[in-house]
Amino acid sequence: MLLVIGNKNYSSWSLRSWIALKMLGVPVDKKRIALRRPETKAEILRYSSAGRVPILRDGDTVVWGSLAILEYLAEKRPQLWPSDPAQRAKARSVAAVRRDPRERAACLTTLAECPLLARKRTFIRSHINEADIRYLRAGARSRN
Amino acid sequence: MQIVISNKNYSSWSMRPWVLAREAGILFEEVQLKFDESSGGLKVADIERYGVAGKVPVLVIDGEPVWDSLAICETLAERFPEKQLWPSDARARQVARSICAEMHSGFQALRGGMPMNIRSSHPGKGMNANSRRDIDRVVGIWKSCRERFGKGGPLLFGRFSVADAYFAPVVMRFKTYAVELPPAARAYSDAVFALRGVRDWIEGALRETEFVAEDEPYASRHR
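Protein chains in written order, with my numbering: chain A, 1 to 144; chain B, 1001 to 1223.
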């Protein structure tokens, strides 16, 4: 099994898959691709046409997107989700919420508007990713 | 079991689980909470009742709210295994999950520039280099899925799956903004439009009279 991730410092999406594998104790090779460099896109495309990390390769199977990777791992190791169906549904809701760029943008806006938190730049930085920046720059309106 | 949705004309996230359940023949009660018109489509009235996320869609199952469209689709797939909402072939299933995850977190230019608006027609609006890139990626995903897994029917994985429900709002956008598509993508779009669940959703959307003034200034009421 091979997990393709971005920089450990920046790539929060990669971190999620990495933690899940770590917690499960699944042996996995890791390929780290430095983000935001001229060669980044081409390197990622070697592993998945989606052009985004994280990517998990298991034999012939290629899974991309941290939520898809979690579900793939959970099929093999069901203990990854809570065993109670209602709790499992809730866990899935929570895991998914932070993926929604609009909600992330709303979170970031809240953080930025709060003077106390705004000073904690490192904290905010650890919660931001490229998609957020693109989203905020695009100034897209937040609507379902 | 309830599915809480917002305006059928606009709410692409609501459309996904609703179409999934309807097309699969899963019985549910629809609860519609419409956009607060004065908020420019930003707020859904009364949604706070259904949990912390404060967003549609919400699935209420065994009295508990499940939010986020992907979490809802996974939950429905799990609770109704006989409906085979994900492809049964393992490799196809992982691709289906991956493209849904990609839709879930990507395609910002397409979503921002070409918001879902079923009743309207805005040829060419929102087209730029970024939305073009998103459109090309969508068309590429469809082509690859149809070629690799689409033998058993006209949909992405042959028969209906979560992936088709997930891409249905994109099909709606391509029509509204008159995006030109290669023949295979056009054929797939037609197959999505032919789905009973999609037709029912569109019918509901066309009956709605609310509008978001920002998207449809020509329809603005003079206040």
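Any given hint could be a false lead.
[Unchecked claim] With a Cα cut of at most 30 angstroms, we get these calculated DSSO-like pairs of lysine-lysine:
| hint | chain 1 | residue 1 | chain 2 | residue 2 |
| --- | --- | --- | --- | --- |
| 1 | B | Lys1083 | A | Lys76 |
| 2 | B | Lys1175 | A | Lys76 |
| 3 | A | Lys22 | A | Lys8 |
| 4 | A | Lys90 | B | Lys1151 |
| 5 | A | Lys90 | B | Lys1083 |
| 6 | B | Lys1125 | A | Lys41 |
| 7 | A | Lys31 | B | Lys1143 |
| 8 | B | Lys1034 | B | Lys1175 |
| 9 | A | Lys76 | B | Lys1034 |
| 10 | B | Lys1034 | A | Lys41 |
[Said to hold, decoys possible] A few chain A residues that face chain B, going by a derived Cβ cut-off under 8 angstroms, partial list only:
| hint | residue |
| --- | --- |
| 11 | Thr61 |
| 12 | Val63 |
| 13 | Leu67 |
Simulated from the structure, these hints should not be mistaken for lab results. Beta carbons are placed, not taken as given, at the ideal position from N, Cα and C, and that holds for glycine.
Hint check:
Note on Lys1083 (chain B) and Lys76 (chain A): the hinted pairing holds, with a Cα-Cα distance of about 21 angstroms set against a maximum of 30 angstroms. A threshold of 30 angstroms between alpha carbons decides the hint, and for Lys1175 (chain B) with Lys76 (chain A) the separation of about 40 angstroms lies outside it, so the pair is violated. Restraint check: the Cα-Cα separation between Lys22 (chain A) and Lys8 (chain A) comes to about 14 angstroms, which is no more than 30 angstroms; the hinted pair holds. Restraint check for Lys90 (chain A) and Lys1151 (chain B): not satisfied, since their Cα atoms lie roughly 35 angstroms apart, outside the 30 angstroms limit.
Under the criterion of a C-alpha separation no larger than 30 angstroms, the hint pairing Lys90 (chain A) with Lys1083 (chain B) is consistent with the structure, at around 22 angstroms. For the hint linking Lys1125 (chain B) to Lys41 (chain A), the alpha-carbon distance of about 28 angstroms falls within 30 angstroms, and the restraint holds. Our distance criterion of 30 angstroms between C-alpha atoms is met by Lys31 (chain A) and Lys1143 (chain B), whose separation comes to about 28 angstroms. Note on Lys1034 (chain B) and Lys1175 (chain B): the hinted pairing holds, with a Cα-Cα distance of about 23 angstroms set against a maximum of 30 angstroms.
The suggested pairing of Lys76 (chain A) with Lys1034 (chain B) is violated, with an alpha-carbon distance near 40 angstroms, which exceeds 30 angstroms. The suggested pairing of Lys1034 (chain B) with Lys41 (chain A) is violated, with an alpha-carbon distance near 41 angstroms, which exceeds 30 angstroms. Taking 8 angstroms as the C-beta cut-off, the interface hint given for Thr61 (chain A) holds, the closest approach to chain B being about 5 angstroms. The beta carbon of Val63 (chain A) comes within 5 angstroms of a beta carbon in chain B, closer than 8 angstroms, and the hint placing it at the interface holds.
A least Cβ separation of about 5 angstroms between Leu67 (chain A) and chain B falls short of the 8 angstroms threshold, and the interface hint therefore holds.
In the structure shown, a violation is registered for the earlier hints numbered 2, 4, 9 and 10, in ascending order.
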